[in-house]
Structure formats: C-alpha cells, structure tokens
Amino acid sequence: MKERALLQRMRSPKGTAGLIILSFFTTIAFAAPVLAPYYPSDVSSSPLLAPDRDHPLGTDDVGRDIFSNLIYGSRTSLTVALVVSLGVLVIGTLAGVFSGYIGGKIDRVMMRGVDIFLMIPDLPLILILAAYLRPSIWNIIFILTVMGWPVGARITRAQTRTLRVSGHVNFARVSGASNWCVIKRHIIPDLYPIMTTTIVMQSIRAILSESGLAFLGLGDPSYPSWGTMIKYAISYPLVFFSNAWMWWLLPAGICITMLVLGFVFVGQAMEGDK
Amino acid sequence: MDRKRLWHIFSRGLEYSITFFLILIINFFIPRTMPGGPLLSITGSQNADLPVVLDEETKYELMEYYHLNDPLHIQFMQYMADAAQLDFGYSITHNIPVLDIILGRLPWTILLMGSALVFSTFFGIALGIESGWNRGRKLDHALLMIMPVLRSIPPFFLGALMIFVFSYRMGWFPLSGALTPYIDYTGMADQVRDIFSHLALPMLCLAAFEMPGTYLLVRNVCVQQMEKPYVLMATARGLKERNIKKHVLINSTVPVVNQIAAMLGFLVGGAVFIETVFSYPGMGMLVYNSFIERDYPVLQGAFIFMSLCVLACNYAADIACSYIDGRAGQE
Numbered sequence: 075m076k077e078r079a080l081l082q083r084m085r086s087p088k089g090t091a092g093l094i095i096l097s098f099f100t101t102i103a104f105a106a107p108v109l110a111p112y113y114p115s116d117v118s119s120s121p122l123l124a125p126d127r128d129h130p131l132g133t134d135d136v137g138r139d140i141f142s143n144l145i146y147g148s149r150t151s152l153t154v155a156l157v158v159s160l161g162v163l164v165i166g167t168l169a170g171v172f173s174g175y176i177g178g179k180i181d182r183v184m185m186r187g188v189d190i191f192l193m194i195p196d197l198p199l200i201l202i203l204a205a206y207l208r209p210s211i212w213n214i215i216f217i218l219t220v221m222g223w224p225v226g227a228r229i230t231r232a233q234t235r236t237l238r239v240s241g242h243v244n245f246a247r248v249s250g251a252s253n254w255c256v257i258k259r260h261i262i263p264d265l266y267p268i269m270t271t272t273i274v275m276q277s278i279r280a281i282l283s284e285s286g287l288a289f290l291g292l293g294d295p296s297y298p299s300w301g302t303m304i305k306y307a308i309s310y311p312l313v314f315f316s317n318a319w320m321w322w323l324l325p326a327g328i329c330i331t332m333l334v335l336g337f338v339f340v341g342q343a344m345e346g347d348k
Numbered sequence: 002m003d004r005k006r007l008w009h010i011f012s013r014g015l016e017y018s019i020t021f022f023l024i025l026i027i028n029f030f031i032p033r034t035m036p037g038g039p040l041l042s043i044t045g046s047q048n049a050d051l052p053v054v055l056d057e058e059t060k061y062e063l064m065e066y067y068h069l070n071d072p073l074h075i076q077f078m079q080y081m082a083d084a085a086q087l088d089f090g091y092s093i094t095h096n097i098p099v100l101d102i103i104l105g106r107l108p109w110t111i112l113l114m115g116s117a118l119v120f121s122t123f124f125g126i127a128l129g130i131e132s133g134w135n136r137g138r139k140l141d142h143a144l145l146m147i148m149p150v151l152r153s154i155p156p157f158f159l160g161a162l163m164i165f166v167f168s169y170r171m172g173w174f175p176l177s178g179a180l181t182p183y184i185d186y187t188g189m190a191d192q193v194r195d196i197f198s199h200l201a202l203p204m205l206c207l208a209a210f211e212m213p214g215t216y217l218l219v220r221n222v223c224v225q226q227m228e229k230p231y232v233l234m235a236t237a238r239g240l241k242e243r244n245i246k247k248h249v250l251i252n253s254t255v256p257v258v259n260q261i262a263a264m265l266g267f268l269v270g271g272a273v274f275i276e277t278v279f280s281y282p283g284m285g286m287l288v289y290n291s292f293i294e295r296d297y298p299v300l301q302g303a304f305i306f307m308s309l310c311v312l313a314c315n316y317a318a319d320i321a322c323s324y325i326d327g328r329a330g331q332e
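Heads up: the sequence lines are chains A and B, in that order.
Its first residue numbered 75, the first sequence is counted upward by one per residue in the working numbering.
Its first residue numbered 2, the second sequence is counted upward by one per residue in the working numbering.
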C-alpha cells in the first residue's frame with residue numbers, strides 16, 4: 075500500500091522529471107566506455123582545441139578530451155553518492171533504531187554524542203583530515219560517511235521513539251514477540267519513507283561535497299571529476315577571454331547542477347510536492 | 002519560570018563547552034594518529050620526488066624541540082594550557098603567530114557571512130511569506146521552481162559564473178579580493194564604496210547558497226499557519242490583509258532563528274568555496290591556502306577558531322530562542 079502511494083507521488087511532474095534526470099545520468103555512467111570517444115586520462119590530443127568532430131567539446135589545457143571526462147565524471151559522482159548514502163543509511167539506521175528502541179540513559183548519552191557531532195563544522199575538519207591523509211576516493215567516501223551518519227541517526231531515532239509507543243508495537247510486545255522480531259517486522263518497515271529520504275538527502279550532500287572537494291584540489295587524481303574540471307577551467311587564465319568557458323566550464327557545472335536537481339526533485343516528489 | 006530558563010541556559014552552555022572540549026581533543030589527536038607521524042610536515046611525504054632524509058639524531062632533537070617525546074598526557078596538558086591562552090603556535094610558511102593571522106582574516110569573514118546572512122534571511126522570509134500566502138498561484142509556482150535550482154548549483158560554480166558575467170563581461174564589479182590594492186582613499190565614503198563593491202558578488206553568492214533553505218522553511222510554516230483558526234477569525238473580523246499577514250509573518254519567523262543557527266556550520270563550508278573563488282581574504286581562504294601550503298598549525302588553529310565561532314553563535318541563538326519562544330527548553 076505504501077509502495078503504491080510512493081509510486082503515485084513519483085508520477086507527479088517533479089517526480090517524473092527527477093527520475094528521468096537520474097536514469098539519464100545512470101545510463102551514461104554505465105555506458106561510459108561506449109559513449110566516450112577517448113579514455114579520460116588520454117592526453118594524446120593537442121591541448122585547448124575548440125569543439126570539432128573528433129572532440130565534441132574540445133580538449134583541455136593538457137590535451138584531454140573534455141567530453142570523455144564529462145561522461146566518466148558521472149561515474150565518480152554517482153559512485154560516491156551511492157556508497158556514502160548507503161553507508162550513512164546503514165550506520166544511521168542501526169544507531170537510530172538501537173538508541174530509540176532501548177531508550178533511557180543509553181539513548182540520552184548517544185543522542186548527546188550525535189548532537190555534538192552535528193555541531194562540528196564539517197568542511198574545515200574534512201580539509202584537515204584530507205591534508206593529512208592521501209587524496210583518494212575511498213578517503214573522501216570515508217570522511218563523508220563519518221560526518222554524515224549522525225543526521226541519519228537523529229531522524230531515525232525520532233521516528234523509532236514514536237513507533238515504540240504506538241499500539242501495534244505494544245501489542246506485538248505483549249503477545250510475546252522478541253525485540254529483534256518487533257524491530258524487523260514492525261519498526262524497520264515503517265522506517266522505509268525516512269530511509270528513502272535519507273538516501274536522497276545524503277546523495278545530494280555527497281555529490282556537492284565530492285565536487286567541492288575536487289574543486290579545492292582534494293579529489294582523487296586518478297578519477298575524472300566534474301569538480302576537478304571546473305577547477306582547471308577557472309585556473310586557466312584565458313578561459314574567460316576566449317570562448318573556452320562555453321565548452322570547458324559550463325558543461326561540468328551544468329552536469330553537477332542537473333544531477334543534484336534530479337535528486338532534489340525526487341526528494342520533493344516523495345514529500346508530496348507536485 | 003525564570004529559574005527554569007536560567008537552568009536551560011546553563012545546561013546548554015555546559016553542552017557547548019563539552020562539544021568544544023571534544024573538538025580540542027580531536028584537534029590534538031589528528032596530527033598524532035595520522036599515517037606518517039607528526040614530523041611529516043617537516044620531512045615531507047616519503048613518496049615525494051625528493052624526500053627529506055633525517056638521521057635518527059636530528060629526528061630525536063626535533064621531537065625533543067616540539068616536546069613530542071613527552072608522554073601523551075603531558076603533551077595534552079601543555080596543549081590545553083596553550084589553547085587556553087589562544088596560542089596555536091607559529092605558521093610554517095609565514096613564521097608569525099597563528100593567532101595574528103587569524104585575527105587579520107576574521108573581520109572579513111564576519112563581514113561576508115554576516116551580510117550574506119542578513120540578506121538571505123530577509124529575502125528568504127519575504128519570499129517565503131509571499132509564496133505561502135499566494136499558495137498555488139503563479140508567483141508560488143515560479144519560486145518553487147527557482148529555489149531548488151538555486152540550491153542545486155554548487156557555490157563555486159555560481160561564483161565562477163558571476164565573476165564571468167558581472168566582472169569580465171559587464172565590468173560592474175572588481176574581479177577578486179576585498180580591497181583595491183595600493184589605492185589612496187580620498188575619504189571615508191570612498192573606502193566604504195570600495196569595500197562594498199568587492200563584497201557584493203561573494204555576498205550575493207553566499208546568500209543564494211543559503212536562501213533556499215530559509216525560503217522553504219518559511220513557506221511551509223506559513224502554509225501551516227494559514228490553516229490556523231486565528232487567521233480565519235481575523236478574516237472574519239474583517240481585518241485588512243496587511244494586518245493578517247503581519248500576524249502570520251511573526252509566527253512564521255520563530256523557527257528561522259533556530260534554522261539559521263543550525264545552518265551556520267554549513268554556511269562556513271559555503272564560505273570556504275566562495276572565498277576561494279573570489280580570493281576573498283577571509284577564514285575560508287585562509288583554510289584553503291594553508292591546506293595548499295600544508296601549513297598545519299594555521300589549518301588547525303583556524304579549525305578551532307571556526308568551531309568556536311559556530312558554537313558561540315549557536316549558543317546565542319539558543320538563548321535568543323528561549324526568550325522569543327517561551328516554550329523552548331521546557332520539555
């Protein structure tokens with residue numbers, strides 16, 4: 075019944091638009107080797123070419139094909155979004171359900187800890203960690219997950235508290251169901267809407283953070299990223315004096331914006347916006 | 002009632018102090034637990050093209066000089082004593098106290114973030130109320146389309162676009178920085194104008210980054226408020242639309258104070274990107290530069306300072322909320 079309601083909501087204009095955008099980028103990510111004319115790190119072409127038949131979006135300052143980089147960049151963004159949102163979902167849900175279901179002192183201590191975590195400004199901390207650790211995609215994923223799980227835990231815990239004292243859960247407990255059974259049969263299924271929201275919100279955060287970190291030079295150099303492309307584009311001194319910004323800067327920025335917008339639309343549609 | 006409020010303020014203060022203490026601990030352990038060891042910033046990475054090789058004796062002397070051979074708890078006591086005196090050591094690249102560098106940068110960030118916050122809150126509330134009031138009409142639909150797009154644009158990309166359009170093409174605003182270098186001001190007015198022409202673009206950019214959150218919150222609260230009986234009552238009494246709107250406005254702005262406080266840490270992140278793009282000499286730019294230069298003392302000092310500012314603002318917002326909304330903190 076709930077699944078049907080969700081499907082119904084996804085049929086709204088915003089939901090449809092969001093799903094179309096997301097499936098578009100997912101297709102590109104999967105079909106990257108077929109779609110891209112070059113390998114993203116291939117520097118064999120001459121640098122700073124204007125778009126022509128061989129290079130649909132020209133080449134950058136070291137002779138990499140921009141179009142191929144753009145296509146492979148979707149893989150990086152989507153991978154980070156997927157792994158981080160799933161990581162946050164699993165850790166956050168486990169912590170939130172545990173804390174909310176047990177209640178009492180443990181709950182209070184855990185939630186204080188989560189509150190403390192939430193108040194630390196994350197970007198400066200991420201920069202410090204990244205300055206010490208090697209820039210690698212797994213480090214970025216790790217940091218984003220560690221900084222993200224308290225948000226998931228907070229929402230899940232609040233909902234678990236409400237469910238914990240609701241009629242059907244009490245009835246199940248009185249009837250002799252074990253704690254594990256109650257959580258699995260009656261609490262987790264009621265958390266599905268919150269879980270989907272968590273995935274959407276964390277994906278948005280992960281995509282923006284990944285491209286932002288890449289823009290600051292913290293990205294993994296071995297993975298093409300839209301943020302890195304923007305970084306190189308605007309640090310090239312002549313980008314704004316020629317037409318290069320049109321095919322170098324703009325497409326990468328539009329790709330990030332569109333992908334995030336896809337998630338935003340899906341999130342809004344799930345909350346019932348038309 | 003008043004004792005309850007005092008207790009609330011006190012207990013929140015205690016919580017924030019614990020948070021800050023925890024941040025200090027994190028800051029203490031990061032360089033000591035990371036791979037490579039604490040001397041990494043002097044020797045450089047061993048994978049670099051030209052690794053600095055230190056013999057054991059020099060290494061020992063260096064460790065001794067930085068008190069790194071002491072037991073951990075003595076190091077920690079020393080660290081806390083220094084932190085209490087706001088002594089964060091010396092910058093590696095500039096060789097001046099970290100505190101001096103930070104104090105030089107702080108006013109610019111406060112100016113940038115403060116003005117962006119005022120701007121985005123004002124327009125966020127105004128647009129949110131208009132949108133909620135005219136729910137389902139053209140204006141509402143248009144805003145509901147624009148705001149998500151605004152939210153989806155990464156701040157550094159928006160900044161780059163703004164520089165391109167308004168500075169390169171139109172020439173309305175300067176390209177970067179916070180002041181025109183080597184300029185002789187003819188007077189106070191001249192100086193103020195210079196500061197504001199440099200501030201305008203980064204401020205708009207940061208405001209655009211923050212506004213969608215405020216707007217959506219106010220709109221949702223406003224829509225909820227419109228269903229309340231007091232609005233119906235006011236309409237039935239024949240009050241002017243303007244006056245009813247005023248009531249809704251006041252009731253819709255209370256959650257905004259809380260939301261702004263919660264957004265501050267997030268806003269600091271936005272400021273790092275925007276200051277980097279605009280080369281605006283604030284804390285964000287400082288963090289970025291010291292990251293590039295691997296200037297660890299500055300990086301860590303800035304982290305502590307930014308956390309302290311965010312926590313202080315959060316605490317202030319908490320106290321403000323307990324006065325605005327009598328129910329806060331009385332669960």
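Honestly, the hints are just simulated from the structure, not real lab data.
None of the values given here were measured: they were computed from a predicted structure.
Take the hints with a grain of salt, since some may be wrong.
One-sided and incomplete, this derived list gives chain A residues near chain B with beta-carbon spacing under 7 Å [stated by the list, open to error]:
(1) 82
(2) 168
(3) 172
(4) 187
(5) 201
(6) 205
(7) 206
(8) 285
(9) 325
(10) 327
(11) 330
(12) 338
Just so you have them, the derived chain A footprint on chain B, three or more residues with Cβ under 8 Å [to be verified]:
(13) 13–25
(14) 130–141
Quick reminder that beta carbons are idealized off the backbone N, C-alpha and C, glycines included.
If any of the earlier hints don't hold here, list their numbers in rising order. 1, 2, 3, 4, 9 and 14
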